[in-house]
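**Student:** Sequence:
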Amino acid sequence: MTLTANSGTGYTYQWRNNGTNISGATSSSYAATASGAYSVVVSNGGCSTTSSTTTVTVSSSPSATVTASGSTSFCTGGSVVLSASTGSGYTYQWKKNGTNISGATSSAYTATTSGAYSVVITAGACSSTSANTTVTVNTAPTATISASGATTFCSGGSVTLTASSGTGYTYQWRNNGTNISGATSSNYAATASGAYSVVVSNGGCSTTSAATTVTVSDHHPPPYGERGDFLLHGRECGLECFHRKWVHHQWKKNGTNISGATSSAYTATTSGIYSVVITAGAVAVRLRIRR
Numbered sequence: 331m332t333l334t335a336n337s338g339t340g341y342t343y344q345w346r347n348n349g350t351n352i353s354g355a356t357s358s359s360y361a362a363t364a365s366g367a368y369s370v371v372v373s374n375g376g377c378s379t380t381s382s383t384t385t386v387t388v389s390s391s392p393s394a395t396v397t398a399s400g401s402t403s404f405c406t407g408g409s410v411v412l413s414a415s416t417g418s419g420y421t422y423q424w425k426k427n428g429t430n431i432s433g434a435t436s437s438a439y440t441a442t443t444s445g446a447y448s449v450v451i452t453a454g455a456c457s458s459t460s461a462n463t464t465v466t467v468n469t470a471p472t473a474t475i476s477a478s479g480a481t482t483f484c485s486g487g488s489v490t491l492t493a494s495s496g497t498g499y500t501y502q503w504r505n506n507g508t509n510i511s512g513a514t515s516s517n518y519a520a521t522a523s524g525a526y527s528v529v530v531s532n533g534g535c536s537t538t539s540a541a542t543t544v545t546v547s548d549h550h551p552p553p554y555g556e557r558g559d560f561l562l563h564g565r566e567c568g569l570e571c572f573h574r575k576w577v578h579h580q581w582k583k584n585g586t587n588i589s590g591a592t593s594s595a596y597t598a599t600t601s602g603i604y605s606v607v608i609t610a611g612a613v614a615v616r617l618r619i620r621r
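For the numbering used here, count along the sequence shown from 1 and bump the result up by 330.
Misleading hints may appear alongside valid ones.
As the list claims (entries may be wrong) - Just the calculated beta-carbon pair ranges, DEER-fashion:
| id | residue 1 | residue 2 | range |
| --- | --- | --- | --- |
| 1 | Gly340 | Ser389 | 36 to 46 Å |
| 2 | Ala367 | Ala461 | 33 to 43 Å |
| 3 | Asn348 | Thr397 | 20 to 30 Å |
| 4 | Gly428 | Ala540 | 35 to 45 Å |
| 5 | Ser436 | Thr350 | 38 to 48 Å |
Rather than coming from a laboratory, the hints here were simulated on the basis of the structure.
This structure is a prediction, so every number in the text was calculated from the model and none was measured.
Where a beta carbon is used, it is the ideal one built from N, C-alpha and C, also for glycine.
Build the full structure now, drawing on both the sequences and the hints.
**Tutor:** Written as structure tokens, this is what we have:
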């Protein structure tokens, strides 16, 4: 703060702080940098006059720091509380990316969006601005599953389930809601029945996929013998598949599907080589009948 005395021809000056002469302070003005009661002695032609005092108060700049209540990187919908250093008489103005946040004038601010946050703390005539605290809000990853083939198959088979991928994604596969130990890659070879899902995580965000049901059939081919050949001697004959657990039949004549012949029995009335394909899940069993 600059203090200036009245001037006149032939005037000389001596500045004082708290009644003590300030060495070298003999001009008509003085830049005060310390607290105190300043006065000046003005002399002219053997006469001196001392001014009244001017009180100067130098306040310490407040310490401006920010602490976060938790991680500053979180998923959409989350938040973090930023708290500024406190002190008697302090006032606050929070900023995001260098711009004042309207109404954000308390010692704490809840950040819900990405940006570089700082706070200006004022104490008396002094202000300090904190360093930036960067907040990153991550978008939840997409979690979907695609299967490499049929999800219903015979015991001993498998299907590869593949999760949606992305930079930085991590994975945890589950069967019937329980984590599968060690199944943390983007794909998983399922060999057992169950409802498979995957938890995809990225930057503090996690999304669980819809379940993909895998069914492993433990049925075995029906015992029709080595080939199940039958000779027909010019008469009508009923050919029947007795294993009723098998869900689908397709009768063929000379290797060609017989239209509509999808029940467990077929009545053959013409010469030919008859066969049946019996399917349960991914298992097909063929019975061949020769006429």
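**Student:** State for each hint whether it applies.
**Tutor:** Evaluated hints:
Taking 36 to 46 Å as the suggested C-beta distance range, the pair glycine 340 and serine 389 conforms, at roughly 39 Å. Roughly 37 Å separates the CB atoms of alanine 367 and alanine 461, a value that falls within the hinted 33 to 43 Å. For the hinted restraint 20 to 30 Å between asparagine 348 and threonine 397, the CB-CB distance of approximately 40 Å leaves it violated. At roughly 43 Å, the beta-carbon separation of glycine 428 and alanine 540 lies within the given 35 to 45 Å, and the hint holds.
Distance hint check: the CB atoms of serine 436 and threonine 350 are about 44 Å apart, consistent with the given range 38 to 48 Å.
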